[in-house]
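Asker: What follows is each chain in one-letter form.
Number of protein chains: 2
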Amino acid sequence: MTHPTFSNLRIDSDRLLGRLMSLGQDGALEGGGVCRLALSDKDKLGRDRVVDWMKELGLRVTIDKIGNLMGFLPGREDLSPVVLGSHIDTVATGGLYDGNLGVLAGLEVISVLKDSGYVPLRPIVVAAFTNEEGARFAPDMLGSAVDRGSLDLETALAIKDSDGFVIAEELARIGYAGEAEPGHIDPYCFFELHVEQGPVLEEEGEQIGAVTGVQGISWTEYVIEGISNHAGTTPMRLRHDAGFAAASVAVAARKVAEEIGDGQVVTVGVNELNPNLVNVIARSARLTVDMRNIDEQKLQQAEKRLAEEIAAICKAEGVRYTSRTLARFEPVMFDQNMVDLIADVAMEQGRSVRCMSSGAGHDAQMFAPVCPTAMVFVPSQGGISHNIEEYTSPEDIKAGANVLLQAALTKAEEK
Amino acid sequence: MTHPTFSNLRIDSDRLLGRLMSLGQDGALEGGGVCRLALSDKDKLGRDRVVDWMKELGLRVTIDKIGNLMGFLPGREDLSPVVLGSHIDTVATGGLYDGNLGVLAGLEVISVLKDSGYVPLRPIVVAAFTNEEGARFAPDMLGSAVDRGSLDLETALAIKDSDGFVIAEELARIGYAGEAEPGHIDPYCFFELHVEQGPVLEEEGEQIGAVTGVQGISWTEYVIEGISNHAGTTPMRLRHDAGFAAASVAVAARKVAEEIGDGQVVTVGVNELNPNLVNVIARSARLTVDMRNIDEQKLQQAEKRLAEEIAAICKAEGVRYTSRTLARFEPVMFDQNMVDLIADVAMEQGRSVRCMSSGAGHDAQMFAPVCPTAMVFVPSQGGISHNIEEYTSPEDIKAGANVLLQAALTKAEEK
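If you read the sequences in order, they're chains A and B.
With UniProt numbering, you'll find the first sequence wraps up at 415, consecutive numbering, no jumps.
With UniProt numbering, you'll find the second sequence wraps up at 415, consecutive numbering, no jumps.
If you're looking for bench data, these hints aren't it; they were derived computationally from the structure.
Among the hints, erroneous ones may be present.
Capping the alpha-carbon separation at 27 Å, the derived lysine-lysine pairs in DSS-like fashion look like this [as the list claims (entries may be wrong)]: (1) A:Lys44 with A:Lys55; (2) B:Lys315 with B:Lys114; (3) B:Lys160 with B:Lys114; (4) A:Lys315 with B:Lys255; (5) B:Lys114 with A:Lys255; (6) B:Lys55 with A:Lys255; (7) A:Lys65 with A:Lys55; (8) B:Lys55 with B:Lys42; (9) A:Lys65 with A:Lys42.
Chain B stretches covered by chain A per the calculated footprint, using a threshold of three residues with CB under 8 Å from any CB of chain A [to be verified]: (10) 27-35; (11) 133-140; (12) 196-204; (13) 391-399.
On a predicted model such as this, the values are computed, not experimentally measured, just so you know.
All C-beta atoms, glycine included, are put in the ideal place defined by N, C-alpha and C.
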């Protein structure tokens with residue numbers, strides 16, 4: 001029997017889009033968008049649907065103890081598999097694409113193989129990880145973290161949501177407390193196709209992002225304590241205005257981003273004054289600073305510069321401040337050969353490519369320390385994500401899934 | 001009968017302090033401070049107490065249709081009276097002094113006259129005006145505004161508090177819907193002794209403030225609309241950050257105050273971001289700017305400069321904004337002869353004096369357009385007011401009340 005060459009294989013974008021729309025019905029919101037919080041009844045419906053598709057495709061389905069779904073397609077040899085993974089949980093007002101695209105594009109790769117009769121050298125696994133969003137249970141990327149051992153299973157199972165519901169019980173309730181040990185699959189490499197969730201590809205008119213890594217994240221909360229006083233009777237020179245200090249920090253944060261340049265982003269997303277009244281100088285302010293960079297050294301430089309700025313601002317205004325680290329993750333670098341492979345495949349397919357870092361966290365980053373890992377990004381219209389208006393065009397979805405298909409099959413033929 | 005000269009008369013500070021403490025029991029809060037919101041049950045108790053004192057002193061008590069209390073002491077001739085007025089309503093967490101001091105110092109002036117047997121040429125009226133604070137019913141200075149005709153009686157009676165209770169009904173309920181027409185007393189001049197509610201006298205080591213006027217007030221609300229986006233995936237150059245624009249406005253507001261200088265105060269007391277999340281660029285921000293100056297021209301200059309700043313900031317960030325005037329009052333200038341009289345009397349009594357403007361509104365400003373008017377300020381410890389920790393020392397109260405006594409009697413001897 002002559003084995004067909006895989007380079008001519010192409011995904012069926014109608015089938016992929018059809019599955020995206022079908023999955024989007026589980027938790028569909030009136031007016032558009034999806035609410036499929038992890039381990040909710042709607043998540044169960046979505047999982048059931050994905051498991052049905054996996055079974056229809058003849059995959060061997062396993063569910064591990066943290067609820068991660070894996071569909072296993074045997075290869076010509078019993079080697080470690082190429083894993084194509086993402087998630088199907090959403091935020092409370094999510095869209096059709098975030099996460100879902102990566103899982104269903106994986107199933108589309110399997111479908112193409114089934115249709116063509118082509119069997120790759122290595123097995124291929126399609127994975128859907130539990131609670132990537134972190135919208136119901138903290139931390140995010142929970143299932144992939146447990147799979148890769150960076151989060152302990154027992155700890156994870158005991159985590160509660162804000163209403164006190166425990167992961168272990170919710171898994172059992174929806175029938176997804178599996179038997180398999182997390183990490184039972186030892187991946188040869190890991191791919192994740194995902195929507196960009198940002199505006200860069202669209203703004204620059206590029207079709208494919210070859211993701212080089214995930215930015216390091218530094219979240220700090222500052223609480224500034226000044227002296228509350230009457231807005232009319234307190235001369236400017238006698239003020240200790242926590243609100244003015246907080247505003248000055250927000251302005252300084254932008255300045256730090258510009259100084260560091262080169263991909264450094266800084267956001268003051270929270271700024272609250274107390275008592276927050278028109279005619280009262282604020283007694284206290286709480287603000288958060290979110291800083292990200294793909295370069296750990298530069299991220300540290302940004303942290304240091306901001307710390308200098310806030311110290312100087314608070315000294316000048318005569319206010320006190322405390323700071324608290326809310327989150328700190330070092331940048332994750334993806335495998336250069338994998339990134340090159342994605343870029344090469346995309347260009348062979350006539351797509352324009354941008355190498356870029358991810359500003360958001362993804363399941364793929366949990367795999368980067370243990371196996372060659374990379375991600376494919378497709379444009380998000382308007383850069384909008386975590387929003388019912390999240391949208392990626394059928395053309396871009398098709399382009400991204402074809403890159404995933406060819407890159408995955410290339411790796412699946414490696415001995 | 002030899003008429004005693006009034007220049008040797010002095011107030012009895014123990015009696016005045018005793019009345020302040022007694023009145024502070026009506027609405028006393030556990031832990032200190034007073035809650036005696038206008039037309040509440042506690043306000044009724046306070047009013048009853050003041051009326052009892054007025055009657056004990058032999059004053060003719062009238063209550064007008066908006067609930068203003070007046071105690072009338074006849075003079076040697078039937079001339080227009082010297083009015084000593086303030087208010088006894090408080091904010092929800094108020095102190096013992098704000099307003100109450102002016103009313104009770106007026107009663108103390110009457111008590112001194114009664115004790116000495118001295119009858120001034122002109123009548124003296126002690127007045128307590130309804131709802132000066134505006135803490136329950138808007139606007140503030142309501143009773144004095146109705147008395148002076150700048151607010152229509154029918155309009156005022158129909159005003160509701162936030163729970164829907166109507167002034168007319170609340171006046172009737174507590175027994176203070178009087179028969180007298182507002183404005184039935186035509187004042188020869190008006191004095192108000194008040195705590196400074198700011199830190200200037202204390203900071204500068206002065207004992208008496210001779211108040212030259214009340215600052216003009218300009219309150220503007222700005223709503224800035226940007227584009228919400230992911231804090232990690234949105235490059236700095238593609239941001240339209242409402243939070244950054246709001247912070248920049250708050251910093252610019254301080255700059256405008258410094259540019260105008262010379263008593264200009266600017267406060268951004270409200271600053272709210274939406275959605276106010278660590279990792280989301282703010283879609284919108286709402287902030288308020290409170291600007292005050294005793295000089296109308298300079299206040300207009302400050303308004304103009306801030307408008308220029310916010311337009312430039314929002315243009316640079318690519319965000320839209322709307323503005324809404326929440327309040328606008330022109331400055332009120334007190335009568336220069338009255339101000340000089342207060343300063344002269346204070347210096348004759350060995351007190352240090354500062355001529356100063358009031359940053360807060362007072363009943364006196366309603367009288368300034370119709371008769372010679374001025375205020376006496378005494379220091380507020382720490383500049384604190386509208387707070388249960390409001391405090392003015394017995395020594396300062398004594399000094400201020402003696403200035404009021406001598407200034408009022410000087411005017412009361414004018415033909």
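Asker: Could you run down the list of hints and mark each one as holding or not?
Answerer: Outcome of the hint check:
1. A:Lys44 with A:Lys55: Roughly 16 Å between the alpha carbons, so the hint for Lys44 of chain A and Lys55 of chain A holds.
2. B:Lys315 with B:Lys114: Violated. Lys315 of chain B to Lys114 of chain B sits at ~68 Å, over the 27 Å cutoff.
3. B:Lys160 with B:Lys114: violated (41 Å)
4. A:Lys315 with B:Lys255: OK: Lys315 of chain A and Lys255 of chain B at ~18 Å, within 27 Å.
5. B:Lys114 with A:Lys255: violated (69 Å)
6. B:Lys55 with A:Lys255: violated (67 Å)
7. A:Lys65 with A:Lys55: holds (20 Å)
8. B:Lys55 with B:Lys42: holds (20 Å)
9. A:Lys65 with A:Lys42: holds (20 Å)
10. 27-35: violated (count 0)
11. 133-140: The restraint on the segment 133-140 of chain B is violated, since only 0 of its residues have a Cβ under 8 Å from chain A and three are required.
12. 196-204: Holds: 6 residues of the segment 196-204 of chain B have a Cβ under 8 Å from chain A.
13. 391-399: Violated, because only 0 residues of the segment 391-399 of chain B bring their Cβ atoms closer than 8 Å to Cβ atoms of chain A.
Violated hints for the displayed structure, listed by number in ascending order: 2, 3, 5, 6, 10, 11 and 13.
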